[in-house]
Amino acid sequence: MNTNKIIVKNVSYLLFSLLTLILLMSLISLATGHLALTPSDIIKTVLGEGSKRNELLLFEFRLPRLAIAILAGAALAVAGTLFQGVTQNELADPGMMGINAGAGFFIVLYLTFRAQGTRSDGLWQMMTLPIAAFLGGLAAAVCIYAVAWKKGITPIRMILVGIGVNAGFGALLTILQLRMDQRAFNQVTIWLSGSIWNASWTAVGSLLFWTLILLPFSLYKAKTLNFLQLGDEMATGLGFHVEKERIKLVAIGVALAGASVSVAGGIAFLGLGAPHIARKIVGNKHQRLIPTAACMGSLILLLADMMARNIFSPTEVPVGLIVAVLGAPYFIYLLITTEA
Amino acid sequence: MMNKLLSKSFLLSAGVLLAACSNQTVKAPVDTKAPASEETGNQETTEPKTMTDGLGNEVEIPSEPEKVLASYLEDYLVALNVTPVAQWSVSNGESIQDYLQEDLMDVPLIPHDLPYESVLEYEPDLLIVRDAIEQEMYEQYAQIAPTYVLNASPTEWRATLTEMGEVLNKEEQAEMVIESYDEKAAEEAENIQAVAEGESAAAIWMVNNSLFVVHPERSSGAVMYNDLGLAVPTVVSELSSDADWAAISLEALAEMDVDHLFFINSDGPDAAIFEDRLWQNIPAVQQDQVYTFGPETSWLYYGPIASEQVMDDITESITE
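Protein chains in written order, with this note's numbering: chain L, 1 to 340; chain C, 1001 to 1320.
Pulled out of the complex, with its shape left as it was, chain L reads as follows (with noise of 0.2 Å):
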């Protein structure tokens, strides 16, 4: 991880200006879609006099889908940081290494069961999704872990067995699949892709729980992954325990990704892109780049879940493809760029 040069050095002016733009990304989010609200509909609804109508597309429908898209943003981000620090790759991602996937499957497998099952109610699921979610991401980690162990764990090995694994469970996946009839097929698919149109309350207070007691603890463990990046040999030396700090950060990486995938489905590219325009921004050092990796994944998700509403309007695209389809050409752009 070579340090390029930092633009910004002052991170509270650059964290302002973050969130103001997410504010206001935020109030044009609201404002446009199929039904048109004017700021003045906005602001006439907030405080009660809107119609009912007003009311119900407000509160129930956009607000719920925008703290969707800001909340699962930063933990896809930050999750994202840690795995890149851990490993320290700025290449790995919970997508690409199989975490999302572990996820994905054990969210489906539950989801098989619970149809075959009695119906249980969707504040029960929405509290036991996030769950199975994480123990997805768990067993995906664990199978890293136990695969790239040799005597303690290098980073390089746990990206190359992330990809193996990431391979593994998509495979799983597909099976699963393909057993199913035509609609739970296609419902999946849409799911997998990426897809926040279901928001409701119970999610975002479900992600909202998770992300409210993660966020901070990685950012209270921004010093380790500082340490961590001196390589191994250094941060032992320091006095660190290498190993089970790797793990623990694993551990909150994967709640994020768990968290996240369970409300808002496979979202690519965000974890990987996110805190690599932060890092080119405010550098390497931790304590600056999670916040900023933060705001940068809930900037980029709502500009997504923007266009996705609008550009077929009223007919909606998954917000994870435009998602990719905005991060590809960024990835080839630093393809191209990035010397040797």
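No lab work stands behind these hints: they were computed from the structure.
Ideal Cβ positions, reconstructed from N, Cα and C, are used throughout, including at glycine.
Any given hint could turn out to be false.
Stated by the list, open to error - Keeping only pairs whose Cα atoms sit at most 27 Å apart, straight-line, the calculated DSS-like set for lysine-lysine is:
| no. | chain 1 | residue 1 | chain 2 | residue 2 |
| --- | --- | --- | --- | --- |
| 1 | C | 1067 | L | 52 |
| 2 | L | 52 | C | 1049 |
| 3 | L | 9 | L | 44 |
Said to hold, decoys possible - Pulled from the structure, derived: some chain L residues nowhere near chain C, Cβ distances all over 12 Å:
| no. | residue |
| --- | --- |
| 4 | 33 |
| 5 | 35 |
| 6 | 53 |
| 7 | 113 |
| 8 | 233 |
| 9 | 237 |
| 10 | 314 |
Given the coordinates of chain L, assemble chain C onto it according to the supplied hints.
Relative to the frame of chain L, chain C by itself:
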């Protein structure tokens, strides 16, 4: 330090929001009256009833729904004299149910996948859904209006109509429609047997140069075989598939021993198939017993109106 920063930024951004708000309130009176109506409700005299829908949800159904939305069930609505607030369409109206347009001419279109905001746009007071949807989706729709997912199988139009009648408080009319249909069918069946006793028929649909044959118990197949008593060719009964229309090759079609061929052509008169030797050698083609219909006819659909129109098409084709 970070926390302090964050809270500072939040406060500041809240300030920005407030500023933005006060700016906008000035021109509020200009554009507030969106097409929103709240006049309905509280007018019902009879009690709303509760029914268990196809997903197992207890749905409280308004006794006199005025703005019904029942996408892809418009056939039944028309038969029950209910005008929906919006009608089914695909790709921005590229495909609609043409055969119902006499009754639905002025009804606006809604995309077939029923995006939430499109549904909200029409502010329905009752939503009837044909196919089982995800419970999560159901809950979103239910926020907009009472949502009822049908129990009846979409392939059984009589059961569907009966259930729609129950939901819409029009049981008697539903029964009447079925009775008069069955009466007419019995009559026409006799007419057909008089001129074509024991003769077979099949309905073939051509779209994008592919051929499909109708399921013998579904859609127009049910009308041909069950209602009008035409014989099912062996090939058709062998194509046991769960689809309403099963794919069939031109070779299999050429070998089909069928007296009357109803051909629904979605590709137009210049389709390549008509040049094909195999097509030209089909017995029904050679004997000029192919009756062609456009995709705007009701052959591909379900419902009392679709079935009756198909019945008229068949009797006209065979008896004249």
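Worksheet item: Are all C-beta atoms of chain C more than 12 Å from that of residue 237 of chain L?
Response: Check passes; 28 Å lies beyond 12 Å.
Discussion item. Confirm or reject: residue 53 of chain L is not an interface residue toward chain C, with every Cβ-Cβ distance exceeding 12 Å.
Written reply: 5 Å, violated
Worksheet entry | Proposed proximity, residue 1049 of chain C with residue 52 of chain L (alpha carbon, max 27 Å) | 24 Å, holds
Worksheet item: Does the structure keep residue 1067 of chain C and residue 52 of chain L at a Cα separation of 27 Å or less?
Response: Holds: residue 1067 of chain C and residue 52 of chain L sit about 16 Å apart, inside 27 Å.
Fill in: Non-interface claim for residue 314 of chain L versus chain C (Cβ beyond 12 Å)
Contrary to the label, residue 314 of chain L does not stay out of reach of chain C, its closest Cβ about 4 Å off (not over 12 Å).
Worksheet entry | Least C-beta distance from residue 233 of chain L to chain C larger than 12 Å | Non-interface label stands for residue 233 of chain L: nearest chain C Cβ at 30 Å, farther than 12 Å.
Worksheet item: Non-interface claim for residue 113 of chain L: all C-beta distances to chain C beyond 12 Å?
Response: The assertion about residue 113 of chain L holds, with a minimum of 15 Å to chain C.
Worksheet entry | Consistency of the no-contact label for residue 33 of chain L, given chain C and a CB cut of 12 Å | Violated: least Cβ distance 6 Å, not greater than 12 Å.
Fill in: Outside-interface status for residue 35 of chain L - nearest CB in chain C farther than 12 Å
5 Å, violated
Item to complete: Would you mind confirming whether the straight-line C-alpha gap from residue 9 of chain L to residue 44 of chain L stays at or under 27 Å?
Response: Distance of about 41 Å is beyond 27 Å: violated.
Violation of the numbered hints given earlier is confined to hints 3, 4, 5, 6 and 10; the remaining hints are satisfied by the structure.
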